[in-house]
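So the chains spell out like this:
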Amino acid sequence: MLDKTGIAKRIAKEVKRGYYVNLGIGIPTLVANYIPQGFDVVLQSENGLLGMGPFPFDGEEDADLINAGKQTITTLPGSSFFDSAMSFGMIRSCKVDLTILGAMEVSDNGDIANWKIPGKMVKGMGGAMDLVASAKNIIVAMQHVNKAGESKLLPKCSLPLTGVGCVKKIVTELAVLDVTQQGFKLLERAPGISVEQIKNATLGRLIIEGDIPEMHLD
Amino acid sequence: MNKVVDNADEAIKDIQDNATLMLGGFGLCGIPENCITALVKKGVKGLTCISNNAGVDDFGIGLMLQTRQVKKMISSYVGENAEFERQLLSGELEVELIPQGTLATRCMASGYGMPAIYTPAGVGTEVAIGKEVRNFNGKDYLMEYAFDADFAIVKAWKGDPHGNLIYRETARNFNPMMAMAGKITIAEVEELVPAGDLDPDQIHTPGIYVHRIFKGVNYEKRIEQRTVRKS
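Residue numbers (our numbering), protein chains in the order written: chain A, 1 to 218; chain B, 1001 to 1231.
Chain A extracted, bound-state conformation:
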């Protein structure tokens, strides 16, 4: 089974040279730590920055320089600033190659729910609805089951949707799956996890073809 770091490491392997990537809050943020050095990847922060760098050193924080999670950050050589309309313009016009975000539920046709739980205080969707409605490639980083042990990979989302038919790939603590027209297609197992365990944790349609390899993280 993978921990959060493991999920982030596995997703980092999906990041290709020359990609512009938007990372959501939570596990997706960790992905930045595992993109190989010198890989020529540019991170977009939707509050208005291309070329996001690591956190600043203590004492070098700049209140004017934050990421979409409101954390202090730095810029890398070649970075640029822009306003919020342009930021979502580049997202809407598919200039961003890959979006990685978290989810509460994903359905087997690629619908995603990640912004609202009825009955609980709703904080808002932020930029998530814009990102999922337009991104060319969306990878979801999530837990396969919730704290009660119930599957979060469903035939139909029970929570209010963020977007429809948009998720392309899911990486969980148990597996890597593609979202296809026929449902979740199992691609890889996490170390030490059996196909049976993945079947039991997946409520949506699951396609298992041939031997499913164990994933490589390094």
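Honestly, I wouldn't trust all of these hints.
Below, a list of computed lysine-lysine pairs in the PhoX-like style, where the Cα atoms sit at most 20 Å apart [stated by the list, open to error]: (1) Lys168(A) with Lys95(A); (2) Lys1139(B) with Lys1183(B); (3) Lys1139(B) with Lys168(A); (4) Lys123(A) with Lys1071(B); (5) Lys1072(B) with Lys123(A); (6) Lys1041(B) with Lys1158(B); (7) Lys169(A) with Lys199(A); (8) Lys16(A) with Lys136(A); (9) Lys136(A) with Lys1139(B); (10) Lys1045(B) with Lys1071(B); (11) Lys147(A) with Lys116(A); (12) Lys1139(B) with Lys95(A); (13) Lys1013(B) with Lys1183(B); (14) Lys16(A) with Lys147(A); (15) Lys147(A) with Lys4(A).
If you are wondering where the hints come from, they were derived from the structure by calculation, not from laboratory data.
Assemble chain B onto chain A, guided by the hints.
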């Protein structure tokens, strides 16, 4: 042109109860601190505030929530704000949550003189309820109207008496498109320089969009999430 006013109190003096305001900023980054303080002091009530976020309990728009001056927030994310949550749950405060890109583009449309935009954000979700859906090239889009705001209140790094503005780093965020969208736009700046000192090639907001400008004082520029790495 000389659009300079003395201070925030003078800049906001004609904002009345029940006005609709746009307030620039993302989180606490690039917010018009001086004008918010002046609005609290003036005590105008029943405000509708269009702003990406609603501040924190004791800073930013949170200060106007403490004094119950806000009737409605139109935002994309309202974050960690206990007083906000209390007022929302008790029904004292109305909230309209809209996608961040839609928020930015509805401001932009207003400043570009366009009545509405089409965006795919929210198609198939509860955001789409009651909205016109139109298909272009095989994909569905929602029609979203341009905002109509009485005042836009923005914060820039540098400005001149003509109202030309330059923002700094990610403090730019919603400020440029809100500056374009207000019937009256008020800009507070960290540095107010004489006309001619700003390079025309570097201006982010041309002065035509700005009606009043003043040099702000005592900027706190609070950091919401201080994150650092080890040396």
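Each hint tested on the structure:
At roughly 17 Å between alpha-carbon atoms, Lys168(A) and Lys95(A) fall within 20 Å of each other, so this suggested pair holds. With a CA separation close to 34 Å, the supplied pair Lys1139(B) and Lys1183(B) exceeds the 20 Å bound. Taking the CA atoms of Lys1139(B) and Lys168(A), the gap is about 17 Å. The hint holds against a cut of 20 Å. With a CA separation close to 17 Å, the supplied pair Lys123(A) and Lys1071(B) stays within the 20 Å bound.
About 15 Å separates the Cα atoms of Lys1072(B) and Lys123(A), which keeps this hinted pair within 20 Å; it holds. Taking the CA atoms of Lys1041(B) and Lys1158(B), the gap is near 25 Å; set against the 20 Å cutoff, the hint is violated. Restraint check for Lys169(A) and Lys199(A): the C-alpha separation of about 17 Å stays at or below 20 Å, so the hint holds. The straight-line distance between the Cα atoms of Lys16(A) and Lys136(A) is roughly 14 Å, inside the 20 Å bound, and the hint therefore holds.
A threshold of 20 Å between alpha carbons decides the hint, and for Lys136(A) with Lys1139(B) the separation of about 13 Å falls inside it, so the pair holds. The straight-line distance between the Cα atoms of Lys1045(B) and Lys1071(B) is roughly 8 Å, inside the 20 Å bound, and the hint therefore holds. Restraint check: the Cα-Cα separation between Lys147(A) and Lys116(A) comes to about 17 Å, which is no more than 20 Å; the hinted pair holds. At most 20 Å may separate the alpha-carbon atoms for a hinted pair to count; Lys1139(B) and Lys95(A) meet this at roughly 17 Å.
For a cut-off of 20 Å, the pair hint linking Lys1013(B) to Lys1183(B) stands: about 15 Å separates their Cα positions. Of the supplied pair hints, the one linking Lys16(A) and Lys147(A) is violated, its CA atoms being roughly 33 Å apart against a limit of 20 Å. A distance of roughly 15 Å separates the Cα atoms of Lys147(A) and Lys4(A); the hinted pair therefore holds under the 20 Å criterion.
In this structure, the hints that do not hold are numbers 2, 6, 14, in rising order.
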